[in-house]
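For the record, the sequence lines run as chains W and Y. Using this note's numbering, you'd call the opening residue of the first sequence number 1 and step up by one each time. Using this note's numbering, you'd call the opening residue of the second sequence number 1 and step up by one each time.
Derived from the structure by calculation, the hints contain no laboratory data. Heads up, some of the hints might be wrong.
So the derived label-pair ranges between C-beta atoms look like this [unchecked claim]:
no.	chain 1	residue 1	chain 2	residue 2	range
1	W	Thr295	Y	Ser406	49 to 59 Å
2	Y	Gly389	W	Ala365	32 to 42 Å
3	Y	Thr364	W	Glu130	16 to 26 Å
4	W	Cys169	Y	Asp370	48 to 58 Å
5	Y	Gly32	W	Gly32	54 to 64 Å
6	Y	Ser406	W	Glu254	36 to 46 Å
7	Y	Glu11	W	Arg367	26 to 36 Å
8	Y	Glu66	W	Glu352	52 to 62 Å
9	W	Arg367	Y	Glu130	34 to 44 Å
10	Y	Gly351	W	Gln53	15 to 25 Å
11	Y	Val6	W	Ser69	22 to 32 Å
Covered by chain W, per the in silico footprint, the following chain Y stretches (three or more residues, Cβ under 8 Å) [said to hold, decoys possible]:
no.	stretch
12	316-327
13	353-360
Glycine included, every Cβ here is placed at the ideal spot set by N, Cα and C.
2 protein chains.
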Amino acid sequence: MPVNYVTPEPESLFPVAGIRLGVAEANIRKAGRKDLTLIEIAPGATVAGVFTQNRFCAAPVQVCRERLSHHPDGIRALVINTGNANAGTGEAGLQAALKSCVATGELLGTSADAVLPFSTGVIHELLPVERLIAGLPAARANLAENNWFAAAHAIMTTDTVAKAASKQCSVAGKTLTVTGISKGAGMIRPNMATMLGFIATDAAIAPALLAPLVKEVADQSFNCVTVDGDTSTNDSFILMASGKGALSFVSGEEPGWMDTKAALMEVALQLAQAIVRDGEGASKFITIAVEGGNTREECRKVAYAVAHSPLVKTAFFASDPNLGRILAAIGYAGIDDLSVEGVKVWLEAAGESVLVSERGGRATAYREADGSRLMQSAEITVRIHLGRGEAAATVYTCDLSHDYVSINADYRS
Amino acid sequence: MPVNYVTPEPESLFPVAGIRLGVAEANIRKAGRKDLTLIEIAPGATVAGVFTQNRFCAAPVQVCRERLSHHPDGIRALVINTGNANAGTGEAGLQAALKSCVATGELLGTSADAVLPFSTGVIHELLPVERLIAGLPAARANLAENNWFAAAHAIMTTDTVAKAASKQCSVAGKTLTVTGISKGAGMIRPNMATMLGFIATDAAIAPALLAPLVKEVADQSFNCVTVDGDTSTNDSFILMASGKGALSFVSGEEPGWMDTKAALMEVALQLAQAIVRDGEGASKFITIAVEGGNTREECRKVAYAVAHSPLVKTAFFASDPNLGRILAAIGYAGIDDLSVEGVKVWLEAAGESVLVSERGGRATAYREADGSRLMQSAEITVRIHLGRGEAAATVYTCDLSHDYVSINADYRS
């Protein structure tokens, strides 16, 4: 059960003009479930993406990187399978990814270069690309602008709920539409990207604006979440601007650009947080907010050290205010000249804020009963002030429960 | 149940002339168990230590560092409590540690400066130092050279077995004795030291030799193990050279120095591995041997990335050869220019070695049945060749099981 997250109703996901989605069963891993998604992008749209920094990146990630660097405004389709990550598959995996693009291009009447492939699922097993190709006609027949809900379901792996977010608002007097989907629950510690995230807007956004924008959005959303610290081989986040709406941006100085960015950021953050809320075995949604650092990078180091500590995560699972474990994680985060005398730690939940630690020790006014009460909440913030500077960073994570072990011990069975 | 480890019999732990140990019940955390250990060191002995790099290091660690830097040949006693780590306790914690040294010094007729304090247990709670002091006379009354077995038990926290190792051998025609104890099962990712490790030898070793030696021994033993990646606030490893035996080293050029180092290393590695074998919830003992790197440091990065991955650890728990997770961890270990085409991965157990992965994908001859069979073993080596250079590093770890979550969710209850 995700922590305070339910999939939005199908009718609350606004179609994005110029973007059609279709799903099908290709029997890639398990029979009887939709595991193939096709996204068709109208001519004139721009597309940008960011991808995993894992050196064992998947074959489709290699293909995406290559194509986007050469044809940012020539992408006409995305083809996405679950059940197999096509990662750690060497040259044969690369050929399989390329084949899927050729088949998709032939079906849609476009070149293979205009197709981006995405895979997610088990690593180190060859993609059954013939089954994928056999499923493409059904996915094409299913193409529709109001199919985001179905696509959100078809890209799931160990996710317990489909993840989608959508927003329609008035920007500079015109209507802006932003809709996106994401998937992921384990092997989640995105590094410049996430498992899979796809967001589309009907605004027109020039390639020179879209490329830095996708990085900026990822850095503030998908790159701020972690479930288990395992950076995936397949992380991919794609932003599509169909240009079929009323807004158009070339220089970023047009009216409405900041509001448009904010709308995209909002949808991306909802999708990123949904991944943590549905983190494998998660029973708590935890925000680690680090302030008072010299640089954002050192704040992120501290936030991730706390977010990744199995001892901190099991204490949250147990609702046990064993908060010394947080101090230990701050202490080994890698800030060599950190003065612990300046560090303060608060526990916050349900509108309440309790100072837990200061001057290297337990805060005088702190009472264990307060810690115990706040630790019961399903949504908890650990606020850490490093007492060194003005920089800040926030990371979202979940607890470590028996279910995480069960899910990952049994993943392939 | 530890993996292939049983505490040695009391009579197999050789006394070290000049080192007496005593234990007592001080009721520091739980009643009815020995939680206080006193080690008395004869005049003329030399002592050196290495300690945690955690910035939130415990009060006793701060005291030890200070004293050893000023009086390496003036240390006459160690006072060790379990049940409370005296870490994250600020100025009050420091005063408590100092008080315990004053009381120990008075009891043994030595100065407080000659006493090193050690604490292990729960973090962020004040040490009940009056109870510790009240327990000292009983510990003193218990002092004996053949008390290593009792001391190994008295320093335990979540350990399920006491950890000790001992060796007597002939070096340069003379008898050398080395005996040591260690504790630790969780919050284990030593950084320049371990939870608690104490090794004594009857050789005489000059302070100028002992200080670099303790670092070298730690780097090849305690600094190569990890259970959960959490570097403790209290890691301490102490080497005592009583000088009551037949061997004496001043320059390191005397006959027998290399053999003496080897004997100390052997005992340290046994103690360090015992910590992993008794790792919280451990059901498997896993060696990550990385070769073919450009530097030892990059080999260690890869080894620790694999050793810390919750996905790799749960796969070992499940005996599931989901080995793509190992590739993913190698890929995100932080070697930016790693070419995956050159990486090879073997699984080794019970004298069998199976090539799993090469050229970025699954090895042609690899069969899942082989992986499944080897994954059943209680002792498994993952051998990784990076194909870049001549450096190597080995790290020892364990799997991640339901019991790890249970132990740490319930630690304080």
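Ascending list of hint numbers which this structure does not respect
The structure breaks hints 1, 2, 6, 7, 8, 9, 10, 11; every other hint is satisfied.
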